[in-house]
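One letter stands for each residue in the lines below.
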Amino acid sequence: MKIPMRTASALGALSVVAIAAGLAGCSSSGSENPEDITLTWWATQQSASIETSQAVWEAVAGRFTDETGIDVEVEVIPWADLYNKILGAVSSGSGPDLLNIGTTWTSSLQDTGAFAPASGENLDAMGGSDRFVQSAWEAAHVPDTEQTAVPLMSAVYSLYYNTALFEAAGITEPPATWDEFVEVGKQLTVDTDGDGQIDQWGLTMPAAATTQNSHMAFILGQQEGGSFVDEDGNATLSSPAQVEGVTRYVDFMTTDKIWSPSNAETNLIADAVDQLIDGTGAMIFHTNPLAQFASRDFTDWAIAPVPVDEGAEEVRSLVGGTNALVFEDSPHKEAAFQLLGFITSPEEQAFIANEFSVLPVVTEAYDLEPYAGNGDDTIAVRQETLADASAPFPLVPNIGEIEPAVGNAVREMFQAFATGGDPDIEGRLQAADAQLN
Amino acid sequence: MTSLVESPEAPPETPDAPPPTRAHRWGKSLLALRDARLAVWLIVPAAFLELIIHIIPMLLGVWIAFTDLDQSNIRNWLQAPFIGLENFFRGLDPSNAIGSEFFATVGRTAIYVLVVLALSWALGMAGAVYLNSKFRGRGLLRTFFLVPYAIPSYVGTIAWAFMFNQRDGVINQILVDTLGLLPERPFWLIGDLSFISLIIVSVWSLWPFAFLMLLAALQNVPEDVYEAAALDGAGNWKQFTRITLPMVNQANAVLVLILGLWLFNQFSIPFVLFGPASPDQAMLVSPLIYQNSFLQWDFGLGGAMSFLLLIALLIVSVFYIRLVLPKGKEDD
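So the sequences go chain by chain: A and B. Each residue of the first sequence is one higher than the one before, counting from 0 in numbering that gives the first Met the number 0. Each residue of the second sequence is one higher than the one before, counting from 0 in numbering that gives the first Met the number 0.
No lab work stands behind these hints, which were simulated from the structure alone. For each residue, glycine too, the CB sits at the ideal point set by N, CA and C. Wrong hints could be hidden among the right ones.
[What the hints assert, rightly or not] Keeping only pairs whose Cα atoms sit at most 25 Å apart, straight-line, the calculated DMTMM-like set for lysine to aspartate or glutamate is: (1) Lys332/A x Glu34/A; (2) Lys256/A x Asp191/B; (3) Lys84/A x Asp176/B; (4) Lys256/A x Glu183/B; (5) Lys256/A x Asp308/A; (6) Lys256/A x Glu49/B; (7) Lys185/A x Asp191/B.
[As the list claims (entries may be wrong)] Here's a subset of chain A near chain B, in silico, CB distances under 10 Å, partners left out: (8) Ser90; (9) Asn262; (10) Ala415.
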């Protein structure tokens, strides 16, 4: 920390990487004898611990090596570091051959032009796109461009709730509409030990986390018929429908009072999940808390679709999950697409989806062991949400800026309210628009 | 030490020290030349690394400030479109949101630097004076005082973040539950109080450095000066203001410069304490630049802001070094 001029050098750090790469010289290419190839793969953290993810991805890569003779070096990168690392790799031109990304970044990263198209001979090398769930394949395709991203796994938001708290409050059915949600939330918001302080809340979410904030703003805005961007790609975060959607989310804390203002400083979704497990929060919107539930031996939970009002747009989630990209500069593009084809084969998809409790991206995997019949009763709810009630996150080049902008604006609303200020929902969304357009 | 080339005519050196002859002077300059060459060789590795690690990236950062660099051209970032001063106009125009935020942040950072510097210095000085006197257990206390400096700043700051937590942090437990000083649990990591938390954590992590520097300086002050002063009837306060302060003047000047630069560039404490986005009330310049560059992907604007920060700090440092820092001796 004690380095003067830190920021100036931080900016320049990108360039140091570039220089170092230049000094290192060109990498060897040409000989495509499989035994001589070593692919580098930046994989994502899909479980509570990095080690677990590393083991799963390495098992997949190991089987690929057995089959083809091509070596694979797997490195699991935590989500928080991933985007910066990718941009560093893009600016230096020396990155991995294959890398995983969040689905919401697809368009921004494709815009860098650093990734190989998933078409033509590349697509042939991975065995075509017919086997994919078409909605997942389409959500990776930026309109009017050559597709670069290949879906790896799908995830959708659902409502997870603490069944013990529901039983204690005498609630038998999860809420289906927002009126029901608020009503149930109020019944669950109680002072359990009678000290005058509420210690159990209806909802728990990380109100300081930009990612979850922007995702909820997206889902709730879509339900009102809103959108983050218009047809020309301009941000429309302060359109009446978007304001209405965000207001619903903020109201849970400010007006309905079913969500603890303490969460205004919670910036990790894992902390919110802990509150659900500890019984201080009864409901949470999440894509996949199962690993965390399991790691704490927590079984008193159930799943339901995200509520939606009658007559509203039935968007209960964004199409979330993980995509993969191959670097255009990779000397082993063909091998990288081959690996991508292997990861998205039905057998490996069934393995991966079972290990990480995610949804496979290829149709056949749904009927294969160990995924099929693994006793995970969340699959039906999640699969239905993915198939019938999900909207793709906007596929526009500046989505990488829009997502943090809206997430930050919503965070500021909660923090202003918690510290006695005015959430100023419309004003903050207008400011975000002004910053983006 | 003798000269390498000593002409036979040269008179032997005597305590009366006659004026040096020509040959004598020549021998001396040869020696100086050899010394200089050795010095150059010793400096080369450091200079080379400094060039690669600091200077070149800094110059590239300056270049970025004049370009429209974002994700769409980062792959060929050397070819990013040159847009002249546009980033500066955008970042410096007080009438738009970005510009007014920048100026407010610079002002806030200046206050932060002054307050943390003053508190760290006062604590460091008090600790150093106290521990410079002899008493039992002095060594133990010295070690104890250096603990915050020995703990990795990251670890210490995370511990503070836990303690400041609104719902179950120990600070609110003491203030509200144990002592009952406050009716409601205040938020320390968001809102107005976040600036105070930032100052507390910064002082906690920086004052041991001031303590260490000042203690080292104090140990060079000869004891008999104090004894003489005490004989003349000077009290503790008078001894402090008339002897201690002037004697550690040089250490003070260096300390203020180093701490000031560190604090103005402060990044890691707010980043760890608040997460990637600092609350508005505690936003400092470096986190703001980070936010523009790496959360909003506007590298040009971030570059322009760092460039301005660099220039401002450079000017302040140059004046400071010329006016305040003690001059090195010109000869021998």
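We went through each hint and held it up to the structure:
1. Lys332/A x Glu34/A: Given pair Lys332/A, Glu34/A holds - Cα atoms ~15 Å apart, limit 25 Å.
2. Lys256/A x Asp191/B: Measuring from Cα to Cα gives roughly 23 Å; hence the hint holds.
3. Lys84/A x Asp176/B: violated (44 Å)
4. Lys256/A x Glu183/B: holds (17 Å)
5. Lys256/A x Asp308/A: Given pair Lys256/A, Asp308/A holds - Cα atoms ~20 Å apart, limit 25 Å.
6. Lys256/A x Glu49/B: violated (56 Å)
7. Lys185/A x Asp191/B: violated (30 Å)
8. Ser90: Hint on Ser90/A: holds, closest Cβ of chain B at ~5 Å, below 10 Å.
9. Asn262: Asn262/A check passes; min Cβ-Cβ to chain B is 9 Å, inside 10 Å.
10. Ala415: holds (8 Å)
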